[in-house]
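Peer 1: Here are the chains, one letter per residue:
Number of protein chains: 2
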Amino acid sequence: MKTLAIVLVSGGLDSCVTAAIANQSYQLAFLHVNYGQRTEKRELKAFMDIADYYKVKHRLVTSLSFLKEIGGSSLTNFKMPIPQGLPKSKDIPSTYVPFRNTHFIAIAVSWGEVIKAEKIFIGAMEEDSSGYPDCREEYFSIYNQLITLGTRPETKIEIVTPIIHLKKAQVVKKGVELGAPLHLTWSCYQREDIACGRCESCQLRLKAFARAGIKDPIPYLNQ
Amino acid sequence: MKTLAIVLVSGGLDSCVTAAIANQSYQLAFLHVNYGQRTEKRELKAFMDIADYYKVKHRLVTSLSFLKEIGGSSLTNFKMPIPQGLPKSKDIPSTYVPFRNTHFIAIAVSWGEVIKAEKIFIGAMEEDSSGYPDCREEYFSIYNQLITLGTRPETKIEIVTPIIHLKKAQVVKKGVELGAPLHLTWSCYQREDIACGRCESCQLRLKAFARAGIKDPIPYLNQ
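If you're matching them up, the sequences are chains A and B in order.
Residues are numbered in the numbering used here as their position in the first sequence, beginning at 1, plus a constant of 3.
Residues are numbered in the numbering used here as their position in the second sequence, beginning at 1, plus a constant of 3.
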């Protein structure tokens, strides 16, 4: 019987490839969190499609209302515009949702403690991403200490970040190599029908496929 | 203008006294989380009463559905009995809710990052409490590192645990000394109309008042 690993699956490219990596060695449990973001429904569909693809039985889909209530991010406050184009600086972009990953991982830890999972896979990338503070290796390293201290002595849960030092083009290649269902993923920050191709997230994705020399299998508006 | 501090207020004795301590030096913001526990409604009333007492304007009341879905605790799984009487061992009791404090503090951090709070007060007690792993000083120390790493560089939020090394009888005395509204608090784990006086939480509270030589201002069943 394989060890159980929880994968945080937003439905995007990075989490899909992370699931493909976890699938090589673990029995999968998928966690998805709705948090009032603009593309909540479309991301949930991507999650379900990827979960079906990997025939995942252990699924937890939950909703957090407070991140939208609190605001402070262009993903949850619809009055703030979504940044367009590739990031122009190393500054933290307006799409940063305050302390978001801490919530997602904490849900995985609570769930993992009950279903006896031993790993939590998250598709965070440190260098080649949007510059969110809660995507850095040091953050996850400290979080692992917090899990050890904050759970039952017999609980053995560890965060695993298999793509943290990859470039996004390498993630695309890795996904293709592992047969990850990239055609089922959703990355666009602002549309739910067809990817806009212009927002920061679409632009980072398109650049990654271009650099990898692979055609992005999803359609884009005006392309 | 005083610095803003978020206080995690469950509505129990410890968080009420913690609020009284924070009130000495800070402008208060109160956070309360419903998580499907048995006495959810009564605890929320206690929260509101204490918030009114301190005339707190910044209030966030939110609900987490997943802790009950996940289960694993007699506070959220109503098929599990609530332990009666004082704890008989140092084991983690069935009332432990997996990784609960991590969620509560993470909500405070997300909120604090937006409203620019600088402190998060939590009424955790290490030695003289129920033996929950997420109530230890070392846990909060690591959590402070996680906050520094996982938020914007300009965010300065620190967890403060003013009663972590107090005995519960000292907490009662401190509360009386500071004029904390102990008559508005709720500690019972199993009833919402009148405190049972028998569950672990009631027993710890009654013992603390007895040791402090102070009459508990709330009524109990059969007393």
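Derived by calculation from the structure, the hints in this document are not laboratory data.
Just to be clear, a hint being listed does not mean it is correct.
Since the list can't tell identical chains apart, any single copy or any two copies may satisfy a pair.
[To be verified] Mimicking SDA-like on lysine to any residue, the simulated pairs with C-alpha atoms at most 20 Å apart in a straight line are:
(1) K82 - R62
(2) K5 - T65
(3) K176 - R139
(4) K44 - S68
(5) K60 - I221
(6) K218 - Y29
(7) K176 - E157
(8) K48 - T6
(9) K122 - G75
(10) K210 - N147
(11) K119 - S97
(12) K48 - L63
(13) K71 - Y38
(14) K170 - V117
(15) K119 - I95
(16) K159 - E180
(17) K159 - I145
(18) K93 - T158
(19) K170 - A215
(20) K71 - N37
(21) K91 - R155
(22) K119 - N225
(23) K159 - G134
(24) K82 - R214
Peer 1: Hint by hint, note whether the structure agrees.
Peer 2: Going through the hints against the structure:
1. K82 - R62: Classified as neither: same-chain Cα gap 32 Å, cross-chain 23 Å, threshold 20 Å.
2. K5 - T65: Neither. Shortest intra-copy (25 Å) and inter-copy (37 Å) distances fail the 20 Å Cα cut-off.
3. K176 - R139: neither (22 Å within a copy, 44 Å between copies)
4. K44 - S68: For K44 and S68, both the intra-copy (15 Å) and inter-copy (19 Å) Cα distances are at most 20 Å.
5. K60 - I221: neither (26 Å within a copy, 48 Å between copies)
6. K218 - Y29: neither (29 Å within a copy, 56 Å between copies)
7. K176 - E157: The answer is neither: 38 Å in one copy and 36 Å across copies each exceed 20 Å.
8. K48 - T6: neither (27 Å within a copy, 43 Å between copies)
9. K122 - G75: between (31 Å within a copy, 18 Å between copies)
10. K210 - N147: Classified as neither; 32 Å inside a copy, 36 Å across copies.
11. K119 - S97: The answer is between: 16 Å across copies meets 20 Å, while 36 Å in one copy does not.
12. K48 - L63: within (14 Å within a copy, 30 Å between copies)
13. K71 - Y38: both (7 Å within a copy, 18 Å between copies)
14. K170 - V117: neither (34 Å within a copy, 31 Å between copies)
15. K119 - I95: between (35 Å within a copy, 17 Å between copies)
16. K159 - E180: For K159 and E180, the Cα distance exceeds 20 Å both inside one copy (31 Å) and across copies (43 Å).
17. K159 - I145: both (15 Å within a copy, 18 Å between copies)
18. K93 - T158: between (37 Å within a copy, 17 Å between copies)
19. K170 - A215: within (10 Å within a copy, 61 Å between copies)
20. K71 - N37: both (10 Å within a copy, 17 Å between copies)
21. K91 - R155: For K91 and R155, the Cα distance is within 20 Å only across copies (18 Å; inside one copy 44 Å).
22. K119 - N225: Neither way: K119 and N225 sit 47 Å apart in one copy and 41 Å across, limit 20 Å.
23. K159 - G134: For K159 and G134, only the inter-copy Cα distance (19 Å) is at most 20 Å; the intra-copy one is 30 Å.
24. K82 - R214: neither (33 Å within a copy, 55 Å between copies)
The structure shown violates the earlier hints numbered 1, 2, 3, 5, 6, 7, 8, 10, 14, 16, 22, 24.
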